[in-house]
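Enquirer: These are the residues of each chain, in order.
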Amino acid sequence: MSAGLSSTWVYLSTSPLLWLTVTLLAYAAADWISIKAHRNPLASPVVIAVALVILLLEATGTDYETYFKGAQFVNFLLGPATVALGVPLWRNLRTVRSVLVPLGCALVAGGITAMVSAVGIAWLFGSPPEILATVAPKSVTTPIAMAIAETLGGIPSLAAILVLVTGIFGSIIVTPLMNLLRVSDPAARGFAAGLAAHGFGTARAFQVNEIAGTFAGIGMGLNGAFTAIVLSLLSAFFG
Amino acid sequence: MLQAITVLFLCQLAGEALVRFLRLPFPGPVLGMLLLAAILTVRGRAGPELETTTSVILRNLVLLYIPVSVGIIRQGANLSRYGLALGTAILVSTVLTLAVTALVFQFVARRRNPIPDPQISDPQISDRGAARSRGPNREATP
Numbered sequence: 001m002s003a004g005l006s007s008t009w010v011y012l013s014t015s016p017l018l019w020l021t022v023t024l025l026a027y028a029a030a031d032w033i034s035i036k037a038h039r040n041p042l043a044s045p046v047v048i049a050v051a052l053v054i055l056l057l058e059a060t061g062t063d064y065e066t067y068f069k070g071a072q073f074v075n076f077l078l079g080p081a082t083v084a085l086g087v088p089l090w091r092n093l094r095t096v097r098s099v100l101v102p103l104g105c106a107l108v109a110g111g112i113t114a115m116v117s118a119v120g121i122a123w124l125f126g127s128p129p130e131i132l133a134t135v136a137p138k139s140v141t142t143p144i145a146m147a148i149a150e151t152l153g154g155i156p157s158l159a160a161i162l163v164l165v166t167g168i169f170g171s172i173i174v175t176p177l178m179n180l181l182r183v184s185d186p187a188a189r190g191f192a193a194g195l196a197a198h199g200f201g202t203a204r205a206f207q208v209n210e211i212a213g214t215f216a217g218i219g220m221g222l223n224g225a226f227t228a229i230v231l232s233l234l235s236a237f238f239g
Numbered sequence: 001m002l003q004a005i006t007v008l009f010l011c012q013l014a015g016e017a018l019v020r021f022l023r024l025p026f027p028g029p030v031l032g033m034l035l036l037a038a039i040l041t042v043r044g045r046a047g048p049e050l051e052t053t054t055s056v057i058l059r060n061l062v063l064l065y066i067p068v069s070v071g072i073i074r075q076g077a078n079l080s081r082y083g084l085a086l087g088t089a090i091l092v093s094t095v096l097t098l099a100v101t102a103l104v105f106q107f108v109a110r111r112r113n114p115i116p117d118p119q120i121s122d123p124q125i126s127d128r129g130a131a132r133s134r135g136p137n138r139e140a141t142p
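Respectively, the protein sequence lines represent chains W and P.
When the letters of the first sequence are read in order and numbered with UniProt numbering, they come out as residues 1 to 239.
When the letters of the second sequence are read in order and numbered with UniProt numbering, they come out as residues 1 to 142.
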C-alpha cells in the first residue's frame, strides 16, 4: 500500500499534468479568495496563487524546473493573450480621437517619466544592467513587461513582481494624490492611473467612474506599446 | 473560438518572425498586438467571435502570469541585494508618473478647450458611487 502510494507520487510529482492542474487550482482558489475580499488590491489573485504554489513546492520538495514542465502549457498562452490586448486597444483608440492631443502629450511625458525615474533611482543605488532592464517596464501591464524585460536581458519573474507592486501601490495612492494635486478632470485622472499602474489602476478608475475607467484602459494600452517601442529604440542605439 | 485563436497565433507568429527577420530588440507578442490593432483599424470591426474569445482570455489573464511569477523563489539573492533600490524606485517613480501624466493631460486639455466642462467643475468625484465588484477579475489584471 505505502509502496504503491509512493510510486504513484513519484510518477505524479514529475508529471506535467500534476503541476498544470495545481496551477489551475491555485488560480481558482485565489480568485475565490479575491472575490471574498471584495477585490481589494491587497488581496491580489496573483499574489495568493503564487504563494499557494510556492508553499506546495516547498512542502513537497519540488524544484522550479519540475514545476515549470507542467506550468509551461499555461505560460505558452501568454503570447497569444498579449496579442489579444490589441482588441481593447483598437476599441479604445476609436473613442478618443477628440482628445488626441492632450492624450499624446500626457503619454509621452508620463511614459518617459515612468521609465527614466525608475531606472534612474535604481541606477543611483548601484544596480547592474540586468536589474535596470527589469525595473524599466514596471508601469506596463504584466505580459508586455515580462516580454520587454526578457528582450532587454532582464529577469521576467522579477519584472512580474515589480509590476505587481507598482500596480498595488499606484491603485492605492492615485485618488488621494489626484485630490492633492487638484486634478479634477476624470479623463486626466483615469489616464494617469492606467498609464502608471496598468490593470490595477484601471480597475481602481472604474470603481470611481466610467470615464476615468475608459481612459485608464487607454492609458494602459498606449503605455504598453509606447514603453516597448522606446526601450527597444534605446537598446538598439546603446545596447 | 478556434478561428479567433488561430488569428491570435497568426498575429503572434508574424510578430515573432518580423522582429527576428529585422533583428529588432522588440517583443514579438507586443508587435503581434500592434498588428492586430492595425488590422482591426483597417477592417473597422472585430466580429463577435474575436470579441468573445479575447474577452474570455483577458478576464483570466492573471492565470497566465502564475508560472513565471512562481520563479520569484529563485530571485532571493537579487531581492535581498536590490530590494531597497527597487522598492524606492517603484514608490518614487509611481508617484512622479501619476502626477506628470495627470497634470500634463489636464494642462493641455484646458489650453485647447478653455470652456469649463461640467465634469471638470465638480472636484468631488465620488469614490463610493460605482459598484465595487464589476464582473470577474477586472481588478485582477495587472
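Take the hints with a grain of salt, since some may be wrong.
Stated by the list, open to error - Each computed SDA-like pair below joins lysine to any residue, with the alpha-carbon atoms no more than 25 angstroms apart:
#1 W/LYS69 - P/GLY76
#2 W/LYS36 - P/ASN78
#3 W/LYS36 - P/GLY76
#4 W/LYS36 - W/ILE54
#5 W/LYS69 - P/ASN78
#6 W/LYS69 - W/THR21
#7 W/LYS36 - W/GLU210
#8 W/LYS69 - W/TYR11
#9 W/LYS69 - W/GLU210
#10 W/LYS36 - P/LEU103
#11 W/LYS69 - W/ILE112
#12 W/LYS69 - P/ASN60
Calculated from the structure, these hints are not laboratory results.
Enquirer: Out of the numbered hints, which ones does the structure contradict?
Expert: Those not satisfied are hints 2, 3, 9, 10 and 11.
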